[in-house]
Amino acid sequence: MIELKAVSKKFNHTHAVNEVSFKVNEAETLVLLGTSGCGKTTTLKMINRLITPDAGEIYIGGEAIANQDGDALRKKIGYVMQHIGLFPHYTIAENIAVVPKLLKWPKAKIEERIHGLMEKLHLPAHTLNMLPNQLSGGQQQRVGLARALVADPAVLLMDEPFGALDNVTRTSIQQEFKALDELKRKTIVMVTHDVQEAFELADRICLMDKGKVVQLGTPKELLYQPVNDFAKKFLAGQQLTLEFKITKLSDIWSFLPNAAAAEEKSEVADVSVWEAMELLRSTGKDRLLAVDEHGKIKALSFEQLTKGFNQYQNLQAHG
Amino acid sequence: MGEQQQTLWQFMSGQSDKLFTQTLQHVGLTFISLLLAIAVGLPLGILIARKRKLSGLVLGIAGVLQTIPSIALLGFMIPVLGIGAKPAIVALLIYALLPIIRNTYTGITGIDEYVKEAAKAMGMSASQILFKVELPLAMPVILAGIRTATVINVGVATLASFIAAGGLGEFIFGGISLNNTNMILAGAIPAALLAIILDLLLSVIQKMDFKRLRRAVYILPVLILILGGFYILPSAYGSSLTAGFTPEFMGRQDGDLGLKSAYGLKIHTIVISDAVMYKAAFSKELDVISGYSTDGRLKAFDLRILKDDKGIFPPYYAAPIVRESALQQFPQLEATLNLLANKITDSAMTDLNYRTDYLHQSPERVAKDFLISQGLYKASRNGNRGTVRIGSKIFGEQYILAEMYSMLIKGNTDYNVSTKTGLGGTKICFDALTNDQIDLYPEYTGTGLLVLLQPDQQVAKAMAHDKDKTYQYVYGEFKKKFNIKWLKPIGFNNSYALMMRDKQSKALNINTITDLKKYLDQN
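Same order as they appear, the protein sequences are chains A and B. Per UniProt numbering, residue 1 is the first one in the first sequence, and the count goes up by one each step. Per UniProt numbering, residue 1 is the first one in the second sequence, and the count goes up by one each step.
Quick caveat, the hints were computed from the structure, so don't treat them as lab data. The beta-carbon is built from N, C-alpha and C at its ideal position, and this holds for glycine as well. One should not assume that every hint holds.
Simulated pairs of lysine-lysine, BS3-like, Cα-Cα distance not exceeding 30 Å [unchecked claim]:
1. A:K109 x B:K116
2. A:K120 x A:K248
3. B:K116 x A:K10
Which chain B residues face chain A? A few, computed with CB under 7 Å, are given here [as the list claims (entries may be wrong)]:
4. Y114
5. V115
6. E117
7. A118
8. A121
9. G123
10. S125
11. I129
12. P136
13. L137
Modelling step: build the complete structure from the supplied sequences, incorporating the hints.
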């Protein structure tokens, strides 16, 4: 869907982005991860030509974007950023309607679409006539997301979309984000410096440093097969949390004991070990019932989860 | 105080026609120039917000233009644009430019970068970003600039009367020349009210929220256009010749009022400052002007005095007037000042004025040459036994006289001298004298009688045309009322006179004011 070929950009004689190449598949979420100044935001902004590359080529849907009209190109690509950038003089409804109006949609269609999005993003309808500064930070970011999604673009670019939010709001919006149907069909490139967020949301991660791609792969590959010291150090310190996050119950299913009471209804399906632990913590129960794809139910306690995870880890290390 | 207010009210209701016209002209001038300033300043502000490298240059030039004194700026305009509305509007436009350019620039550059980035990222074109995002968001700041410009314009527009563009300045400067407080206030109070009201109105618009502001911004240009149109409304009655009279002349019994009552003269008249009147007559923008009979520009611009056949212009013999207390403090002063008595004739004074006004010799040099030719010049004794303070009104002749007195005092006594030249009109000079800020200045008998003493009409009429009676009267009254002494007259008579271009007066065969009246009635 998106392809970068040896793309470079210099600012004042220093390479902000140096011969970066990658492909993003349709409906995939690629996260550009790195420290600030590594070139990830510049890379992102070159995809919708907010920044023009000095060298290299970028294709979207097989067409080189350099040959397209920049404004027309950007109307087809959703864009969400940390600072949200809502228009302070427009109401919420007007803010969301910017792109459809530019595309000259009929009024009724715009209204219908806005109401649909408001519901999906859990924005109360009475905020439609408010100005952005009357909304909370979390609500504003939802409006930012609605604005990017309203014209149903195939590609969505996100620049630290949750960066300005407090921890509690961030976690809840991330969860909604993952669950949102609209986003599952989209090709998404997202920039973040937050390793946890990257592992939470990415199909693949592109780890960058000093304008270059260090490693490109699935979260699992980054975690278990780091290509060099930088990649290893970047994830060090959060290793265990990340492992819990990328290991699914289905991975450790065989190491878990069978449930005694099979007649009970299951509570979760194939979640990560991390989420299962969180559920145990938050509900205060000592057992969690999980079901696999064959309808088999197992009851899990905290100890059983840890034990199963350790056995699985040992197998990974030696296999 | 109560009496004062009542008479001001009487003055204003008596002159309500004029007041109304002047107010309309004032509002019109302010808003025509404001509209043009917005038309020029807004795009410039946008341009330099886009190309920031230009901002220093553009703001610098606008800033320099802002610092040119308004009178000087009006003066620069005359050779290019003549007199009347055009140069006044251009001058006002120049003053309004800086706040508008600067605030447009600050307003646009002050917008959150992320809002602009979001606008671009959504696919807005550069012009869509400008009109939908940048201008609406910068609008409160731009409006603040327009508000500043409006208030500046209301103030500067008072000076438009100097170049015959009308406005409330006609009353203000007429009043200062005529020592008429009511007239000054009749111009100054409406001007101040205008500034306050416009400032308040614009502050209300400026503080509106974005939604209402959007509507207001559409109405504003229409409103400005309508207000600007006020300028065209008042139209004076036309005549084949055009007269330009100073504000002082307009309000005087021995000026325009006398022309109307004694001669029945009806001529299309515009009010203009003395400084530009002669040039305007020379360049055929005016046909008849109210000048002074000894003015050097008479000679320079080839003008001719129309004979005052009904004798409405009283004599104006010049003489120094001195505070009695100064004469006591400086015992040698009176004798020294009287050295000049009867030394300068009408034609001699015209020649001296010609040298400063037209040949651009310094008043100091002209004074020195004259004193030398009369054998009166002595080198300065650099004395330090007290300082005599000499004042003068703001025209060439007075500068020359002040210089002569200064040289005479320095050469003949041990006093030091400081000169305070250019003290505006009669009122400013006279107030400076009575308030002990100057010790003496040259005054004219006619002015002393009609402007400063203002006796009732019969007394004035009885002696106005007799040189000696007038002198005796002012001599006695000034001593009694103000403790000020008139010294001996210098010799020349600088009275008011109507004048025309020599060629035109010959071509139309107009030699006297009565001829002029007949010509106007027939054409």
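Structure-based check of all given hints:
Simply put, A:K109 and B:K116 have alpha-carbon atoms about 27 Å apart, close enough for the 30 Å limit, and the pair holds. In summary, the hint linking A:K120 to A:K248 is supported, as the alpha carbons are separated by about 27 Å, within the 30 Å threshold. Between the alpha carbons of B:K116 and A:K10 the distance comes to roughly 23 Å, so the proposed pair stays at or under 30 Å and holds. Residue-level restraint check for B:Y114 holds (minimum Cβ-Cβ distance to chain A is 4 Å; threshold 7 Å).
Interface restraint check for B:V115: the shortest CB-CB distance to chain A comes to about 5 Å, inside 7 Å, so the restraint holds. With a cut of 7 Å, the hint placing B:E117 at the interface with chain A holds, because the nearest CB-to-CB distance is about 6 Å. Nearest Cβ of chain A to the Cβ of B:A118: about 3 Å, under the 7 Å cut. The hint holds. For B:A121, the shortest C-beta to C-beta distance to chain A is roughly 4 Å, which falls under 7 Å, so the interface hint holds.
Interface hint at B:G123: satisfied, since its Cβ lies 3 Å from the closest Cβ of chain A, which is below the 7 Å cut-off. Using the Cβ-Cβ criterion of 7 Å, the hint placing B:S125 at the interface with chain A is satisfied: the shortest such distance is roughly 5 Å. Annotation: B:I129 was flagged as interfacial toward chain A, and the flag is violated, the nearest CB pair being 10 Å apart, outside 7 Å. Interface hint at B:P136: satisfied, since its Cβ lies 5 Å from the closest Cβ of chain A, which is below the 7 Å cut-off.
The closest approach between the C-beta of B:L137 and any C-beta of chain A is roughly 6 Å, which is under the 7 Å cut-off, so the hint is satisfied.
In the structure shown, a violation is registered for the earlier hint numbered 11 alone.
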